[in-house]
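Novice: If you want the building blocks of each chain, they are given just below.
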Amino acid sequence: MSLFKLENVDYYYDNHVKVLDNINYEFEPSKVYAITGKSGSGKTTLLSLMSGLDKPKSGKIIYNDNDISKIDEDKYRSHHVGVVFQSFNLLPHLTAIENVVLSMDIANLKVGNKKQVALSLLNEVGLDEEKANRRILKLSGGEQQRVAIARALSFQPEVILADEPTGNLDMHNEKQITEIFRRLAHEKNKCVIIVTHSNSVAASADVVYDLEKAKENLA
Amino acid sequence: MYVFKNALKSITRTKSRNILIALIVVVLAASCCVALSIKNSATNLIQSYEDSYEVEAWLGLNRQEMRFDMNQNKTQGNEELGNPQDFMKNIAELDVSSIKTYGDSEYVKSYYYTIQTNLNGSGIEKVSMEDSNVKYMTGGIGKNGESKNVGDFSVVGYSSLDAMTNFVNGTYKITTGEMFDPVSNDNNCVISEELAEQNELSIGDKITLVNPNKEEKTYEFIITGIYSDNSESSEFSMFSNAANQILTSYNALNAVVENSSQEEESTLMIQTDARFKLVSTDVIEAFSKELTEKGLSSYYTVSTNLDSLESTLKPIQNLSTFATTFLIIVLAIGGAILVIINMINIRERKYEIGVLRSIGMKKHMVLGQFVIETFMVTLSGIIIGAVIGSTITVPVANKMLESEITSMEEETNEVNSNFGFSAKSVNMTPGANEATPGRGKNDIKEVFGGENVSYVDKLNAIIDVKTIVELILIGVLLTIISSSVSMVFISRYSPLKILSSRT
Ligand SMILES: Nc1ncnc2c1ncn2[C@@H]1O[C@H](COP(=O)(O)OP(=O)(O)OP(=O)(O)O)[C@@H](O)[C@H]1O
Ligand SMILES: [Mg+2]
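Quick mapping for you: the protein sequence lines, in order, are chains A and B.
Each residue of the first sequence is one higher than the one before, counting from 1 in the working numbering.
Each residue of the second sequence is one higher than the one before, counting from 1 in the working numbering.
Calculated from the structure, these hints are not laboratory results.
Treat the hints loosely; a few may be bogus.
As the list claims (entries may be wrong) - Here are the simulated PhoX-like cross-link-like pairs (lysine-lysine), alpha carbons at most 25 Å apart as the crow flies:
1. A/Lys70 - B/Lys497
2. B/Lys5 - A/Lys75
3. B/Lys289 - A/Lys138
4. A/Lys131 - B/Lys5
5. A/Lys114 - B/Lys277
6. A/Lys57 - B/Lys363
7. A/Lys213 - A/Lys5
8. B/Lys289 - B/Lys277
9. A/Lys115 - B/Lys289
All chains, full assembly: derive it from the sequences and hints.
Specialist: Okay, structure coming up:
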């Protein structure tokens with residue numbers, strides 16, 4: 001049973017150069033997927049489509065048997081998919097904790113102490129309490145990336161979409177993050193989809209989709 | 001609601017942006033507050049002035065039209081109506097009984113009238129022109145000239161105290177004794193200082209007046225008061241000397257007139273004058289229509305003192321117009337500045353909008369947060385601005401009103417002393433507002449239509465509910481203007497567009 005399905009997805013930007021051409025992928029819960037491809041191959045574009053921020057020019061994206069272009073995209077993003085953006089998309093005037101709590105608020109999550117939950121999530125991705133209370137711009141790129149990961153996990157989505165989540169991290173932290181993703185998939189039955197350059201991250205995944213290969217296959 | 005929490009955080013964490021906006025709003029609100037309270041207190045002042053203003057109407061002969069019609073009759077060979085005396089006969093005379101008919105109207109609050117005639121004196125001599133300090137009587141009454149059969153003294157009978165306009169406006173002032181009661185039938189009178197000096201008369205003395213047409217007919221009057229004339233010497237009549245006026249009540253003089261008219265030869269020429277105090281400025285038209293219906297000749301025109309009201313209110317009306325114009329200009333310029341600042345700020349806000357939308361916050365929630373933010377900033381700006389504005393305006397406006405009230409009160413006290421009454425002797429409670437011709441000294445308060453209480457109330461009404469409501473409306477308007485730029489971005493663009501278009 002697939003949770004997530006891309007059917008004949010095509011996409012091009014305003015200049016009409018095809019970025020995604022007839023993509024057919026399937027994703028299941030309890031697995032870690034890696035999407036690889038060279039820079040500019042369309043990985044971020046694909047993630048935008050999967051997170052409902054944009055719509056395919058043709059083809060369908062099915063989530064839980066629903067075409068996501070036909071459901072409430074805000075609710076879809078705030079409740080069902082946790083997205084780690086390549087450019088983080090954190091709010092600079094808020095602290096790390098506040099950024100995480102905000103997502104929990106938007107998802108209308110019913111937990112006792114949101115700040116406490118947010119702090120333990122941040123601890124899990126390797127940020128101590130002092131850093132968790134800093135404003136975003138006072139954190140390093142890698143630290144910001146980990147805040148973005150914590151935020152994506154905060155409202156307990158079924159799907160996690162992560163765009164280069166370890167792009168700014170050293171080997172040690174990268175290992176830690178991939179371990180978290182693996183646990184989420186294998187212990188909490190999440191569907192984890194990671195876009196990555198890194199061979200080691202790809203190697204830790206259960207399934208690897210190569211966008212480059214998809215193109216070659218078509219050619 | 002997390003939207004509030006977010007809005008508050010956003011305000012406190014992006015201080016520089018919000019302080020700038022708040023400062024502009026403070027300036028705007030202070031200016032608006034000043035303009036609004038000036039406008040509103042001007043409106044109040046105009047209203048209270050209009051409410052307390054005595055609209056007076058009087059009747060005047062349109063001599064030009066009469067002459068024209070007379071000449072018309074002459075050229076048409078209608079000799080009978082070409083003669084002024086005969087022509088006048090055809091016009092209903094303005095006598096006291098018709099005045100009473102005219103005054104008995106729902107449009108008339110009160111009315112008064114005077115009659116005037118000329119009598120000779122026995123044992124008293126008139127003040128000659130050379131002797132007097134070149135102060136002559138105002139024209140109008142008694143333009144008959146100093147021919148043989150015209151008396152030396154101009155005797156005027158008043159129906160009430162407010163008929164004595166010279167005393168009301170302070171031209172005349174009782175220096176010894178006091179004013180007779182105008183509603184009494186007693187033959188009391190007041191005379192000028194000059195006349196008293198010339199004949200060595202004092203309070204309580206009797207003077208004898210003689211019918212100029214028949215010497216046997218004499219009338220006695222007792223002097224109750226002597227007045228001084230403070231008028232400018234520019235007001236004079238060639239023929240009569242103001243010092244030779246003898247003032248009495250209508251009833252007393254009317255008795256004289258009626259007595260003299262028992263015989264054809266001794267009949268006195270009398271001149272009647274009336275003033276009607278109307279209930280409001282709106283009834284003038286209706287009142288003059290009613291007069292025509294009651295038989296007033298079309299040669300009489302109804303004149304009012306409305307022009308003087310309008311000219312009095314003109315400066316304050318100008319002030320009100322200026323305040324309104326100022327308000328509009330301030331709002332337009334301020335609104336434009338706010339939009340420009342928001343356009344400069346929107347780059348940062350655009351990213352925020354994109355982020356909030358990309359993590360699934362609904363459009364209306366983002367919009368709500370932004371509006372709440374702007375409203376809180378604007379509201380605090382308005383509160384500070386209103387406090388600043390009102391501390392500037394209220395004392396100024398109060399001062400304006402205070403001086404207005406003081407001058408009103410001074411006027412009342414002064415009038416009391418003009419009549420020779422002590423301020424205490426006058427009952428300050430306004431009496432029943434019947435349209436009675438006879439009004440004595442207890443009614444003096446009514447002459448000025450003032451109740452002290454109503455003036456005091458207006459002092460507190462400057463920053464009133466109306467001003468507050470208007471300020472809140474301005475706040476809402478400024479909020480809408482301020483957040484309009486972000487509203488456009490939130491509602492028109494998808495999060496991806498916003499995020500990818502920001503640089
Ligand atoms: N808004 C845009 N308008 C036009 N072209 C775009 C736009 N965004 C991306 N592209 C182009 O689409 C292609 C795919 O971009 P995308 O960001 O998906 O690549 P990517 O695989 O994520 O690359 P990277 O590994 O560097 O992140 C690129 O050639 C890029 O130049
Ligand atoms: Mg990318």
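Novice: Compare the structure with the hints numbered earlier in the document and write down the numbers of the violated ones, lowest to highest.
Specialist: 3, 5 and 9
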